[in-house]
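2 protein chains.
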Amino acid sequence: MSERIWTAALVVIGDEILSGRTQDRNIAQIASWLNVQGIRLREVRVVPDVEDAIVEAVNQLRTRHDYLFTTGGIGPTHDDITVDAIARALGVPVVVHPDAQAILADYYAERGGLTEMRLRMARAPEGSSLIPNRFSGAPGIRHGNVFIMAGVPHITAGMLDALTGSLEGGAPVLSEQIGCWVAESEIADLLVSTEHAHEGSQIGSYPFFREGRVGCNFVVRSTSRQVLDACAADLAARLDAGGWPAIVGGI
Amino acid sequence: MSERIWTAALVVIGDEILSGRTQDRNIAQIASWLNVQGIRLREVRVVPDVEDAIVEAVNQLRTRHDYLFTTGGIGPTHDDITVDAIARALGVPVVVHPDAQAILADYYAERGGLTEMRLRMARAPEGSSLIPNRFSGAPGIRHGNVFIMAGVPHITAGMLDALTGSLEGGAPVLSEQIGCWVAESEIADLLVSTEHAHEGSQIGSYPFFREGRVGCNFVVRSTSRQVLDACAADLAARLDAGGWPAIVGGI
Numbered sequence: 001m002s003e004r005i006w007t008a009a010l011v012v013i014g015d016e017i018l019s020g021r022t023q024d025r026n027i028a029q030i031a032s033w034l035n036v037q038g039i040r041l042r043e044v045r046v047v048p049d050v051e052d053a054i055v056e057a058v059n060q061l062r063t064r065h066d067y068l069f070t071t072g073g074i075g076p077t078h079d080d081i082t083v084d085a086i087a088r089a090l091g092v093p094v095v096v097h098p099d100a101q102a103i104l105a106d107y108y109a110e111r112g113g114l115t116e117m118r119l120r121m122a123r124a125p126e127g128s129s130l131i132p133n134r135f136s137g138a139p140g141i142r143h144g145n146v147f148i149m150a151g152v153p154h155i156t157a158g159m160l161d162a163l164t165g166s167l168e169g170g171a172p173v174l175s176e177q178i179g180c181w182v183a184e185s186e187i188a189d190l191l192v193s194t195e196h197a198h199e200g201s202q203i204g205s206y207p208f209f210r211e212g213r214v215g216c217n218f219v220v221r222s223t224s225r226q227v228l229d230a231c232a233a234d235l236a237a238r239l240d241a242g243g244w245p246a247i248v249g250g251i
Numbered sequence: 001m002s003e004r005i006w007t008a009a010l011v012v013i014g015d016e017i018l019s020g021r022t023q024d025r026n027i028a029q030i031a032s033w034l035n036v037q038g039i040r041l042r043e044v045r046v047v048p049d050v051e052d053a054i055v056e057a058v059n060q061l062r063t064r065h066d067y068l069f070t071t072g073g074i075g076p077t078h079d080d081i082t083v084d085a086i087a088r089a090l091g092v093p094v095v096v097h098p099d100a101q102a103i104l105a106d107y108y109a110e111r112g113g114l115t116e117m118r119l120r121m122a123r124a125p126e127g128s129s130l131i132p133n134r135f136s137g138a139p140g141i142r143h144g145n146v147f148i149m150a151g152v153p154h155i156t157a158g159m160l161d162a163l164t165g166s167l168e169g170g171a172p173v174l175s176e177q178i179g180c181w182v183a184e185s186e187i188a189d190l191l192v193s194t195e196h197a198h199e200g201s202q203i204g205s206y207p208f209f210r211e212g213r214v215g216c217n218f219v220v221r222s223t224s225r226q227v228l229d230a231c232a233a234d235l236a237a238r239l240d241a242g243g244w245p246a247i248v249g250g251i
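First to last, the sequence lines map onto chains A and B. Residue numbers for the first sequence follow UniProt numbering, beginning at 1 and rising by one. Residue numbers for the second sequence follow UniProt numbering, beginning at 1 and rising by one.
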């Protein structure tokens, strides 16, 4: 049984990430959300607030994947150039989206009114639809397979909620974690042979050093519940047999 | 005065980042460290544990920038394919580095000996030098302008320490933060005109919502201390004059 795999890419836009000032939280958040939708995040690029860099990344990635997400650069200030860059990448003009304008007019009615700078947040590539933002007025934007999200993680979280269930995907990747107080280098062979014995499974190995001891968490992944359970049980049994008690659920 | 700007790119290698399992910490850590070295991180790509994807990213980025860093995929297990992929990208064979072998033999002397799987961590693209790892034996690898670092953040931190001061760079970017309880959209014009008044400065705007109020932190950046101080003082004065008291150091 071969199955269509749905893939996505993410472009994180922002000098604040590249300068080290801000710790990115959107990669992990969007990755986890996509996985639940049955879509796999396959590549991420972090680019500066430079139009050419955004255009290049968007155009390379939107044609390679089913979906392309961007985060950052959609506020009202001079360094917010995401909408212009993506419109250029798509070859369409930037227009004021009437629904976005109405949302912003409503949001700012009791917050000092819709100024010219605030109206910037109603701009969108021509042909876009909106992604609701329940926190701060300015909506996200969808154009074809391109999804333009906020940079502030909790606002993006709200936008993802609004999109939940609306994107076509395949079977989500299921996973099971097993932990063990063992040095990764001692069981490398065991991992290979276990993975090979269970077609359709994948085992990741994540070593750590804690409480003065080395240990490892293993994440077994599969889109099939049956393959996942068989592989995880086999891995635990092989670790136990080797004298390294397996801790189901991880350490 | 025009000045040579030194740039770097980073390739983060790891399914665990793309699946959302692990929150990346290396982007911010390497970005901050590079900045102190006078080198600007200009692009980051996160790619899966897939040789073709690593080769493509490494070859696109190592020629565009003065330095290329990678993190992840240098452990002893089957999913650790970074060394092979980078050797292929560089067009050189993989060899066992004698110094790395000696380091590992020493490290594992009282930890069960240097097995075949552990010896995998002594493999390097031919012509490499080593980057000391004071935490766990297996060294990082340097080949020309390519720096191959660990995935575990504290191990990479130790490798960065070992490299401090050894990479040629330019003037580091200096920054000053100013905070204000104001909606970003109210002062967007003020930011543009302040930045324009101080050539060689850049102002980033980072809005937040805290304690029930909206606020913004502004980061002024410049490689010149004089330009930085003048721009930051001017920004604070303009905010004060607008009725929004500026909080030097940020909120």
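Everything labelled a hint here was simulated from the structure, so no lab data went into it. Source: prediction; values computed, not measured. The beta carbon of each residue, even a glycine, is placed where N, CA and C say it ideally should be. It is possible that part of the hints are untrue.
Unchecked claim - Covered stretches of chain A, as calculated for chain B (at least 3 residues, CB under 8 angstroms): (1) 58-64; (2) 96-102; (3) 157-170; (4) 204-217; (5) 229-240.
What the hints assert, rightly or not - Sample of chain A residues lacking proximity to chain B, with all beta carbon distances greater than 10 angstroms (derived): (6) ALA31; (7) GLY75; (8) HIS78; (9) ASP79; (10) ARG134; (11) GLY144; (12) GLU195.
Status of each hint after checking the structure:
no. : hint    : verdict
1   : 58-64   : violated (count 0)
2   : 96-102  : violated (count 0)
3   : 157-170 : violated (count 0)
4   : 204-217 : holds (count 6)
5   : 229-240 : violated (count 0)
6   : ALA31   : 3 angstroms, violated
7   : GLY75   : 6 angstroms, violated
8   : HIS78   : 5 angstroms, violated
9   : ASP79   : 6 angstroms, violated
10  : ARG134  : 13 angstroms, holds
11  : GLY144  : 23 angstroms, holds
12  : GLU195  : 7 angstroms, violated
Violation of the numbered hints given earlier is confined to hints 1, 2, 3, 5, 6, 7, 8, 9, 12; the remaining hints are satisfied by the structure.
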